[in-house]
Amino acid sequence: MPRLTADRRHTVRFTLNGRAVEGEAEPRLLLVDFLRHVLGATGTHVGCEHGVCGACTIQIDGDPARACIMLAVQADGADIRTVEGLAPAPDRLSVLQDCFREFHGLQCGFCTPGILMSLDAFLRAQPDATEPEIRTMLSGHLCRCTGYVPIMAAALAARDRLKANPDA
Amino acid sequence: MKPAPFDYLRAGTAAEALETLHQCGGDARILAGGQSLLPMLNMRLARPGVVIDIMHVPEWQRIETTETTLRIGAGVRQIALERHPGLRQPLLTAALDWVGHAQTRSRGTVCGSVAHADPSAELPLVLVALKGTIHLRSRRRRRDVAAADFFTGMMATTRTDEEMIEAVSIPTARPGTGTAFREMARRHGDFAIVACAAVADATTVRLAVAGVADRPTAIDLPADPATRDDALDTFAWSLDARDDLHATARYRRELVRQIGRSVMQEAMQCRA
Ligand code: FES
Ligand code: FES
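Quick note, the sequences are listed as chains A and B, same order.
In case it helps, our numbering puts the first sequence at residues 1 to 168.
In case it helps, our numbering puts the second sequence at residues 1 to 272.
By construction, these hints were calculated from the structure, which means they are not laboratory data.
For glycine and all other residues, C-beta sits at the position ideal for the given N, C-alpha and C.
One thing to keep in mind: the hints can contain errors.
[Stated by the list, open to error] Derived list of chain A stretches under chain B, where covered just means 3 residues or more per stretch with a C-beta under 8 angstroms from a C-beta of chain B: (1) 4-17; (2) 50-59; (3) 92-106; (4) 150-162.
[Claimed, not checked] Just a few of them, taken from the derived set where beta-carbon distance is under 7 angstroms, the chain B residues facing chain A: (5) Met1; (6) Phe6; (7) Pro39; (8) His101; (9) Lys131.
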């Protein structure tokens with residue numbers, strides 16, 4: 001049984017946006033800090049650090065989850081997707097991202113990476129999601145500046161466009 | 001907010017986890033989905049020397065169903081239960097939707113929520129409402145505790161330091177019974193200000209309440225509405241409610257009367 005001691009760093013390996021990555025982490029290092037400070041993937045944001053605000057939401061094995069209430073060492077072997085993995089090419093936005101741009105679904109952008117990762121997983125799992133269902137899912141995210149009206153507009157537009165063209 | 005240092009152990013078998021728990025006692029904490037423990041670690045409300053990850057123990061990953069019972073292992077995530085075909089306990093299905101957010105149910109476990117014993121949590125409430133059982137295990141022994149006896153106060157339970165919750169059992173829906181669940185929270189997924197669950201058969205309605213007293217609390221009331229309403233009032237006033245940031249004690253008791261009445265009616269009506 002592996003025992004990772006508190007006073008040392010230990011190798012953590014997982015898949016990040018389709019690529020194998022590894023880095024060193026003390027047992028107490030949070031996954032979100034591992035992503036940002038060890039791997040340099042700063043697209044994932046950190047707000048409350050106790051699982052409430054949703055800024056740090058990423059996808060772990062396909063499901064949205066909080067990266068601030070998970071240890072890096074717990075992620076060993078996982079398949080992780082972050083906001084950096086959404087755009088199909090460096091010069092092209094995904095349908096979801098493009099809807100956020102078009103409908104002004106972000107202002108400062110602090111909450112946006114988390115919201116995008118939740119919506120990306122949710123709309124794939126439930127292409128016919130209703131407006132109340134999307135609202136309930138978004139209740140797991142706090143936005144303190146844009147306001148939820150344009151965020152909902154962007155989410156609904158993305159749902160419709162993805163349904164019309166699921167491979168986009 | 002970062003956790004204080006600790007050793008991390010990834011247990012591969014139940015014996016390994018239980019042996020470590022036996023050796024470290026109160027200095028060790030079990031880590032399952034981490035959705036209650038990690039906030040506690042981040043805020044340093046918990047400072048264990050050892051954290052034992054049990055999510056790689058195959059025998060604790062199981063949901064076992066019999067005609068009468070659902071047995072949910074320590075490593076079963078809430079999302080696995082949501083996705084489990086044929087749960088056959090509508091009260092559990094209804095309450096699951098209110099447990100945290102989809103983004104925390106993806107990691108959080110059923111047993112972890114029960115072990116954490118937050119007085120406003122939905123899963124402990126469901127266990128108390130349905131008279132479920134908590135299966136505790138230490139290196140030395142196993143023992144079963146009725147849900148109503150397990151919760152002893154605010155985040156306090158009868159579990160000892162060298163025990164862990166190995167599984168919980170929830171009775172499946174019995175013919176002739178009906179159930180209902182309702183919750184009042186600021187936003188869906190926030191901590192419940194009041195959550196009520198009702199289980200009705202031909203003669204009695206059992207009402208369980210979370211978010212008011214320091215633990216989920218239940219009472220068996222007569223099915224006859226004439227005597228039931230008075231008994232509900234007495235029950236609501238007997239609950240040791242506290243004022244806090246979110247609501248006054250008085251408001252909470254009033255909600256127990258209002259929501260309690262309506263969930264009991266609903267449970268009676270949907271008796272199958
Ligand atoms: S930073 Fe993770 S939920 Fe707020
Ligand atoms: S866009 Fe600023 S917090 Fe949401």
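Going down the list of hints, with the structure as the test:
1. Beta-carbon proximity to chain B at under 8 angstroms applies to 4 residues in the region 4-17 of chain A; the threshold of 3 is reached and the given coverage holds.
2. Taking a C-beta to C-beta cut-off of 8 angstroms, the region 50-59 of chain A contributes 4 residues in contact with chain B, enough for the three needed, and the coverage statement holds.
3. Chain B is given as covering the region 92-106 of chain A, and this is violated because 0 residues of the stretch bring a CB closer than 8 angstroms to a CB of that chain, at least three being needed.
4. For a cut-off of 8 angstroms, the count of residues in the region 150-162 of chain A with a CB near a CB of chain B stands at 0, and the three-residue condition is violated.
5. Annotation: interface hint on Met1/B holds; nearest CB of chain A at approximately 4 angstroms, less than 7 angstroms.
6. Here the hint on Phe6/B is kept, as its CB sits about 5 angstroms from the closest CB of chain A, short of 7 angstroms.
7. The criterion of a C-beta within 7 angstroms of any C-beta in chain A is met by Pro39/B, whose closest approach is roughly 4 angstroms, and the hint holds.
8. With a least beta-carbon distance of about 3 angstroms to chain A, the hint placing His101/B at the interface is held under the 7 angstroms criterion.
9. Taking 7 angstroms as the C-beta cut-off, the interface hint given for Lys131/B is violated, the closest approach to chain A being about 30 angstroms.
In terms of the numbered hints stated before, the structure departs from hints 3, 4 and 9, listed from lowest to highest.
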